[in-house]
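Chains as they are written, first to last, in my numbering: chain C, 1 to 261; chain F, 1 to 273; chain R, 1 to 590; chain X, 1 to 40.
Don't read these hints as lab results, they were simulated from the structure. There could be a bad hint or two in this list.
[As the list claims (entries may be wrong)] One side only, chain R facing chain C, incomplete, derived with CB under 10 Å:
#1 Ile353
#2 Leu368
#3 Lys376
#4 Arg498
#5 Ala503
[Claimed, not checked] Subject to a maximum C-alpha distance of 20 Å in a straight line, what follows is the list of computed SDA-like cross-link-like pairs (lysine to any residue):
#6 C:Lys120 to F:Met76
#7 R:Lys92 to R:Asp169
#8 C:Lys172 to R:Ser377
#9 R:Lys576 to R:Glu100
#10 R:Lys349 to C:Leu62
#11 R:Lys103 to R:Leu166
#12 R:Lys140 to R:Leu192
#13 R:Lys103 to R:Glu292
#14 R:Lys349 to C:Leu6
#15 C:Lys120 to C:Glu132
#16 R:Lys459 to X:Asn30
#17 X:Lys6 to R:Leu480
#18 R:Lys92 to R:Trp496
#19 C:Lys172 to C:Asn160
#20 R:Lys261 to F:Lys121
#21 C:Lys120 to F:Asn59
#22 R:Lys376 to C:Leu6
#23 F:Lys121 to R:Glu292
#24 R:Lys103 to R:Ser578
Remember, predicted model here, so these are calculated numbers, not experimental data. Ideal placement from N, C-alpha and C gives every residue a C-beta, glycine not left out.
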Amino acid sequence: MRLPRLLQAALVLVGVYLGFIVVFDYMLEAVIPGSLLTMYMFFVTVGVFMVFTYDEERTRELVAPIKAMVENPIYRGARNTVFIVIPLLVGYGVYSRTLPSFEAPVELRTIHPAPPSTAKIYGERVNLLTLENPFRHYQTDDPEIFAEYVQEGAAVYIENCQYCHGDKLDGKGPYAEGLNPTPLNFQDIGTIAQLQESYLYWRIATGGPGLPKEAAPWISSMPVWQEFLTEEEIWKVILFLYDYTGHAPRSWGEAHDAGGH
Amino acid sequence: MRQFLSVIAFMLIVIGSFSAYSNLGIPQIEPAPPPTEEVIDLGSMDMGQFLALGDRIFNGKGTCTLCHNSLGRAPMLDQIGSNAQARLDDARYAGSATDIEGYLRESLTDPSAYVVAGFGKAGTNDTESPMPGTESGSIALSGPELAAVLAFLQDNGGLEVTVEIPTDMGDEATDENAAEPGEPRAPFTSFQDLSDEFACEACHTIGEEAGDLGPNLSAIGATRDRDYIRRALLDPNAEIAEGFEEGMMPDDLGTQLYATELELLIDHLSQLK
Amino acid sequence: MRKTLSFGFLASLVALVVCVLAGTGPALAQEAAGFGPAPVLTAADYPTVAGVNGRLVIWIVAQLHLWFAAFVLAVPIFVFIIEAIGMRTRDKRYDDMAYEFIKVSITAYSITAILGGLLLFSLILFYPHLFGYLSTIFSKSMFYYALLFFGESAVLYLYYYGWHWLQGDLRKWIHLSLGLLLNAIGTTLMLLANAWLTFMMSPAGVDPAGVFNGNEWEAIHNFLWNPINIHRFVANIAYGGSIVGAYAAFKFLTARTSQEKAHYDWMGYNANFIAICALLPLPFAGYYLAAEIYAYSQQMGITLMGGIFAWLFIIQAVLIGALFLSANYYLWCGMGRSDGARRYYWAIKYIAIVLIGAFLVWFTPHTLVLTNSELKSLGGPHHSILGPLGIMPAKNTAVNLMIIFTFLSFLIYRRSNKVATVSWEGMGNTLQVALFTAGILNILFLGIYHGYFTNTVYKVAASIPQVLTTFVVIVVSLVLDSFIYRGARDVGPLHWGRIPDRAQYALFLLAVAFTWLMGLMGYIRSGIRQHWHVVDIMRDNSPNAFTPTLGYAANVVSVAAVIFLTLVIFVFWIAKVSSVKTLPAGYWKE
Amino acid sequence: MGFARKTLFFAAAVAACGAGFLVLDVVMMNMQGLDLIFEK
Chain C
1 MRLPRLLQAA
11 LVLVGVYLGF
21 IVVFDYMLEA
31 VIPGSLLTMY
41 MFFVTVGVFM
51 VFTYDEERTR
61 ELVAPIKAMV
71 ENPIYRGARN
81 TVFIVIPLLV
91 GYGVYSRTLP
101 SFEAPVELRT
111 IHPAPPSTAK
121 IYGERVNLLT
131 LENPFRHYQT
141 DDPEIFAEYV
151 QEGAAVYIEN
161 CQYCHGDKLD
171 GKGPYAEGLN
181 PTPLNFQDIG
191 TIAQLQESYL
201 YWRIATGGPG
211 LPKEAAPWIS
221 SMPVWQEFLT
231 EEEIWKVILF
241 LYDYTGHAPR
251 SWGEAHDAGG
261 H
Chain F
1 MRQFLSVIAF
11 MLIVIGSFSA
21 YSNLGIPQIE
31 PAPPPTEEVI
41 DLGSMDMGQF
51 LALGDRIFNG
61 KGTCTLCHNS
71 LGRAPMLDQI
81 GSNAQARLDD
91 ARYAGSATDI
101 EGYLRESLTD
111 PSAYVVAGFG
121 KAGTNDTESP
131 MPGTESGSIA
141 LSGPELAAVL
151 AFLQDNGGLE
161 VTVEIPTDMG
171 DEATDENAAE
181 PGEPRAPFTS
191 FQDLSDEFAC
201 EACHTIGEEA
211 GDLGPNLSAI
221 GATRDRDYIR
231 RALLDPNAEI
241 AEGFEEGMMP
251 DDLGTQLYAT
261 ELELLIDHLS
271 QLK
Chain R
1 MRKTLSFGFL
11 ASLVALVVCV
21 LAGTGPALAQ
31 EAAGFGPAPV
41 LTAADYPTVA
51 GVNGRLVIWI
61 VAQLHLWFAA
71 FVLAVPIFVF
81 IIEAIGMRTR
91 DKRYDDMAYE
101 FIKVSITAYS
111 ITAILGGLLL
121 FSLILFYPHL
131 FGYLSTIFSK
141 SMFYYALLFF
151 GESAVLYLYY
161 YGWHWLQGDL
171 RKWIHLSLGL
181 LLNAIGTTLM
191 LLANAWLTFM
201 MSPAGVDPAG
211 VFNGNEWEAI
221 HNFLWNPINI
231 HRFVANIAYG
241 GSIVGAYAAF
251 KFLTARTSQE
261 KAHYDWMGYN
271 ANFIAICALL
281 PLPFAGYYLA
291 AEIYAYSQQM
301 GITLMGGIFA
311 WLFIIQAVLI
321 GALFLSANYY
331 LWCGMGRSDG
341 ARRYYWAIKY
351 IAIVLIGAFL
361 VWFTPHTLVL
371 TNSELKSLGG
381 PHHSILGPLG
391 IMPAKNTAVN
401 LMIIFTFLSF
411 LIYRRSNKVA
421 TVSWEGMGNT
431 LQVALFTAGI
441 LNILFLGIYH
451 GYFTNTVYKV
461 AASIPQVLTT
471 FVVIVVSLVL
481 DSFIYRGARD
491 VGPLHWGRIP
501 DRAQYALFLL
511 AVAFTWLMGL
521 MGYIRSGIRQ
531 HWHVVDIMRD
541 NSPNAFTPTL
551 GYAANVVSVA
561 AVIFLTLVIF
571 VFWIAKVSSV
581 KTLPAGYWKE
Chain X
1 MGFARKTLFF
11 AAAVAACGAG
21 FLVLDVVMMN
31 MQGLDLIFEK
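For reference, chain C alone in the conformation it holds in the complex (with noise of 0.2 Å):
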């Protein structure tokens, strides 16, 4: 039996709806934003609008359902029914949507931010594209004493970066709630291990407001780290961010992978 076209449509409306939802959402873990979803199921109400009614018949068979209902004093409780709850529908989208909330207003970000080549740090001027970690040799020359270093760095961590990073490095420290954008998870594959050591020693030292002007409006709360911690300290927590999450910071000299940040 084919299904009553006004059924038709309405299930291809809830199909993509849904669609978009499991596909963004949960397949490829890439929330859709809720602005463009409504445009996005405005436009595919109309593409669907068009193509159950570019003749006469169809639109007779979409519209026969509604007709009957408005029409038939059989469905007098269904016309009621929906006379009542569309109305009520309607009042509470509006009411939901006028109602006062503590949210921040939505803010434009443009560009995720690329490193400068040099930055000023500590007062100098250092080339971000050569600069290296001055710890990391020791990781093959002289293992113990790396192993002292990162253990050095872990203090420096617990003291200062769990409040919000994480006791576990996974960016849900019991600050982490408050802040917008969230900390970094240092776990996940997509941050530090796509990074060069340098490319952290310059976020921790200039932190928030270190960041380049492309990014702006950034209202990332990291702390200016250059102003609290030694260079040395800075150098040693990132041992330690490499150490406790076993990944290897990315370096120049291999091949750049593909899937690059």
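Starting from the known structure of chain C, fit chains F, R and X onto it as the hints suggest.
Same frame as chain C, now just chains F, R and X:
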């Protein structure tokens, strides 16, 4: 009539929804107001503030970051520290600069003097730059603003800052302080007119007029030569005549006088014997 | 009708006199003294008149003038073509339709002239120094413009009022030549006016201080003149078609007899056809214009495509989507006129899926509007899936697909009433499908490979073969189709008038969306000058020199559009009244 | 025409058209100073 009204209603709804979407559906961004001349107080500025001024101009009024950004429209300027010398040494370099500061200044005022390979206007084989000159046109940086940008570029590129903070606003600025902007006054052709205009005799005695804040000039030509007079006019505090205070005579006559007027003054004074 | 005639003449006379006084007067004085630099203005140099916001007045009046002018210039172009078709086929229906089109435009013509005069007065009142400066440079062209206006009026009235008089072999040829002359003058008028406004965007023939070198041709032939000329010429035709389509739609809805219905259905179809034909190349004319703006001044180009104006292109995307969708919908509805259309109904939903899909890509903004919770869940403003859809290669691919599938709609509409009789029909069809398949694959390849896997230079360059692929698909497939359907037999007579009323609303939507879109794009074309009257040469120092938000601009455009549509309704009503005769009993002496 | 032949004909036609478009691509890219359709 029913058809007519429903058509009207349809059209109004369509226009209304376009308007509603433009107002509510997209974020409303308040565009920046037209740029205004930066008020610069050069006298009280240290190098840090001067660099900050350069930074502001670089990111704002100068509109530099429209192109000098990571999107590859123009060379990145935070790398000039390592690049500038190489550009100067390039065989293609045909400009007139001899040092890095000169090179940078030249690339701001005459962008086509040297075009980095790959960044020229399409079809010109890198002989013509798409960048507008920054001294004129829509950007129109003043002398001090240009110097501030230069200083910022040097600092930002990891170079030693060799640009010095200029001491005056440059000619355009003093012109603007004059009564009629853009309307240069006609040069004076007689000593008396000049003396009246600049009120020399308020302080100096010249012939009959008597002022006593400055030295008597009635016979200045007998004791001083032309070069001394010239220096005294342009840089009055370089040497102070005995018995008089420093800093009394205005030191900006050089910017207020036409060259012919200066010569006229020197001629006249050196003949007073 | 007599009244409109004298009105038109009056308006052009006023325009002429004002031009002579305001335009050439200072120019003559200037010529003796040599040309001065562009005036440097202060806020005090902008008079306030009756407390009115001068910029708003100029904005709305100029926009209204432009809408009417676009309509009035476009109608003679396709009236000329339709008249020629009528002469060739000896089908009187075409001649009648052409006459009806020109009849609609004749009142619009005098309104254009009146609005032109109003614009001129407002310019002199509110921006006297700007007008003075422009008129020293364009003294001669402004003078000839006024003279040409007389010519245009004379030829137009001769063309319209002489329509029934100039019938028959030789006379018809004379009439057609008059139509050609009318178009030549009209186009020249547009080119001159374009020169003035493009001079303000890309000044030529002046030095950096604005001192004119005396060579007026150089000032006219400035960098953006031809790109604007081409863009406006094509857009005017599409626009004229859409307005006439709305006229036909209205007549269809109010028609009393089935004959009338059939006639206006046919007229609406033709108007829509004209609009779509001009609409298809329009995006490319637009790209060309944008590319030339970029080439002229990178700064202006980035202002155009980035920053606050970037969001304008999202509004534009919605409007262009409305245009494409309503044009397609009208075609699908129109298939009901043929009894053979059913054979192709199955294809429509696939066309719709591609159209909507491509449109969603076309519409996806580069910068997403995210709520804080979404921002949190994404971990930042970058969206890994939707982000890449926001950039140019995706849009180019989408718009090319939309054009190809709109063309496909047209193709099945054309076929719906025909049965091919050639023996190689199957092979021809396969070939055509192959052509479409290969073309679409090529467009996707160019868009995806060069858009995402190569560097920026390739990204931009690849849009040109994309466009050409679309073009080749359309042309080759039309040629193939004409061979396949040579000597084809009709399924049955076409039932003109057998179309749902809904389809007429698609025509209204087309006209309204077009009007509004023109207003919006006119705003951005003018808006990218920002705080300059003449870019880099003459600064706008009035209190109104700021760039408004898009919402404000959209509201101004909406208000202007409502005024325009009111005037258009008046024009249509006048055209109707002119043919009404009432017989008052006992009023006249018998 | 049988189904196999039809498919073969279609494939051949797509290939032919595709080759034509590829030539168009190469020519257009070349005219803009980019030597190849595939970046080196």
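Hints and how they fare:
no.	hint	verdict
1	Ile353	holds, 8 Å
2	Leu368	holds, 5 Å
3	Lys376	holds, 5 Å
4	Arg498	holds, 9 Å
5	Ala503	holds, 8 Å
6	C:Lys120 to F:Met76	holds, 17 Å
7	R:Lys92 to R:Asp169	holds, 14 Å
8	C:Lys172 to R:Ser377	holds, 13 Å
9	R:Lys576 to R:Glu100	holds, 11 Å
10	R:Lys349 to C:Leu62	holds, 16 Å
11	R:Lys103 to R:Leu166	holds, 16 Å
12	R:Lys140 to R:Leu192	holds, 11 Å
13	R:Lys103 to R:Glu292	violated, 38 Å
14	R:Lys349 to C:Leu6	holds, 16 Å
15	C:Lys120 to C:Glu132	holds, 15 Å
16	R:Lys459 to X:Asn30	holds, 14 Å
17	X:Lys6 to R:Leu480	holds, 19 Å
18	R:Lys92 to R:Trp496	holds, 16 Å
19	C:Lys172 to C:Asn160	holds, 14 Å
20	R:Lys261 to F:Lys121	violated, 58 Å
21	C:Lys120 to F:Asn59	holds, 17 Å
22	R:Lys376 to C:Leu6	violated, 38 Å
23	F:Lys121 to R:Glu292	holds, 13 Å
24	R:Lys103 to R:Ser578	holds, 10 Å
Checked against the numbered hints given earlier, the structure breaks hints 13, 20, 22 and satisfies all the rest.
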